[in-house]
Amino acid sequence: MTLVVNDLTVARGGVPVLAGLSFEVSEGCALVLRGPNGIGKTTLLRTLAGLQPAHAGQVQFPEETGAYASHADGIKAQLTVLENLAFWGEVHGNDVPDAVFEAFDLVDLRDRLAGTLSAGQKRRLGLARLGVIGRKVLFLDEPTVSLDGFSVKMFARWLREDHLARGGVAVIATHIDLGLEAPELDLTPYKARVDLAGGSDEAFL
Amino acid sequence: MIALLKRDLKLAVRAGGGFGLGLAFFLIVIVLVPFGVGPDAAVLTRIAPGMLWVAALLAALLSLDRIFALDFEDGSLPLLATSPLPLEGVTLIKGVAHWVTTGLPLTLAAPVLGFLLNLEPGAYVWLFASLALGTPALSMIGAFGAALTVGVKRGGLLMSLLVLPLYVPTLIFGAEAVRRGADGLDASVPMLMVAGITLGCFALLPFAAAAALRVNLR
Numbered sequence: 002m003t004l005v006v007n008d009l010t011v012a013r014g015g016v017p018v019l020a021g022l023s024f025e026v027s028e029g030c031a032l033v034l035r036g037p038n039g040i041g042k043t044t045l046l047r048t049l050a051g052l053q054p055a056h057a058g059q060v061q062f063p064e065e066t067g068a069y070a071s072h073a074d075g076i077k078a079q080l081t082v083l084e085n086l087a088f089w090g091e092v093h094g095n096d097v098p099d100a101v102f103e104a105f106d107l108v109d110l111r112d113r114l115a116g117t118l119s120a121g122q123k124r125r126l127g128l129a130r131l132g133v134i135g136r137k138v139l140f141l142d143e144p145t146v147s148l149d150g151f152s153v154k155m156f157a158r159w160l161r162e163d164h165l166a167r168g169g170v171a172v173i174a175t176h177i178d179l180g181l182e183a184p185e186l187d188l189t190p191y192k193a194r195v196d197l198a199g200g201s202d203e204a205f206l
Numbered sequence: 058m059i060a061l062l063k064r065d066l067k068l069a070v071r072a073g074g075g076f077g078l079g080l081a082f083f084l085i086v087i088v089l090v091p092f093g094v095g096p097d098a099a100v101l102t103r104i105a106p107g108m109l110w111v112a113a114l115l116a117a118l119l120s121l122d123r124i125f126a127l128d129f130e131d132g133s134l135p136l137l138a139t140s141p142l143p144l145e146g147v148t149l150i151k152g153v154a155h156w157v158t159t160g161l162p163l164t165l166a167a168p169v170l171g172f173l174l175n176l177e178p179g180a181y182v183w184l185f186a187s188l189a190l191g192t193p194a195l196s197m198i199g200a201f202g203a204a205l206t207v208g209v210k211r212g213g214l215l216m217s218l219l220v221l222p223l224y225v226p227t228l229i230f231g232a233e234a235v236r237r238g239a240d241g242l243d244a245s246v247p248m249l250m251v252a253g254i255t256l257g258c259f260a261l262l263p264f265a266a267a268a269a270l271r272v273n274l275r
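Chain order of the listed sequences is V and D.
Here this note's numbering runs 1 ahead of the position in the first sequence, where the first position is 1.
Here this note's numbering runs 57 ahead of the position in the second sequence, where the first position is 1.
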């Protein structure tokens, strides 16, 4: 279970934003992406997750093991916390383990409608989805937005003990320190030159 | 895929899900027709098959933009795209869910509303049967239109413009089946055409819709 990225160029709207990226994240390791706003962290994560085609270069990890999580949590306001998680579990062929509710402090919110949750609670529910779907390679885009310090620690603990320790891989774009012992990759040097040609247009995924 | 169907049906019947909106619209349009064309029973009888089909078609159109727009807004769509479900399966299920929440109630209500337009007694069976066969095509074509316009701001109107011309064959053959039934003629040929259109839509459009979604998700 290793993520290998080889000479990757990613483009947004046909314009390359990052070029010449190569890195490798091995089993049980995380990689933290750093860089100023607009450098292309989200574009890179979406490309890695397969939501958009790479402009050039390769991304390799075992098929059907990747999961993407972004600012939007994919939560349905009219469903309860349990129903939301059960849906994503069912889609991935998994049950919802009780440990997930404890790991993300959702025990008391189990049967609340997701629409009545606070922003931080919704975020915890969105992250709890990662504990249900059982995917090994996680691409996380600012996972800690609107979480308080306690919840950030809780999430970091889950990532360390329940995900990475069990052979998972994570690539995380974040501005705060998660307390993970993970290498950081500053994207600034990889900023694409303006004259790099624009891209293809075929459907992908 | 069953999980997705169950979720969509659950969402449709919960508060704000829009279940019954299309049905209420259908009822109101049909009630308005006699006000517009006058209470002459002979005229109503003649236009009933066409009016019922046009009204059903517009009612189905009403809720189309919700098929993918809601999932796009809350971020479910990229998550579904990276899930083990094939995107073609997702679009198929979305079309089916739309039919169960819109087309099916319309089909069941149509015979009752036919009474309001003084429909010929012999046409009720054909009205029910042609809608039962034809509305799935409306939902699947609609899912394709919704996939094309997902992510477009105020895409609802654009989608109507794209989808309505595609509804023409279904409308022609569906209404023709009812008209033949009303005149006591054999309606099996237009019924077979409607069935063919529906089967063709379900065979091809999930792939087209999935391709449109992939482009729009980038």
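Derived by calculation from the structure, the hints in this document are not laboratory data.
Do not rely on the hints blindly, as some may be mistaken.
[To be verified] Covered stretches of chain V (in silico footprint by chain D; criterion: 3 or more residues with CB under 8 Å from a CB of chain D, positions within the stretch not fixed):
#1 51-58
#2 61-68
#3 94-102
#4 167-174
Here a beta-carbon is modelled for each residue, glycine too, at the ideal position from N, C-alpha and C.
Consistency of the hints with the structure:
no.	hint	result
1	51-58	holds (count 4)
2	61-68	holds (count 3)
3	94-102	violated (count 1)
4	167-174	violated (count 0)
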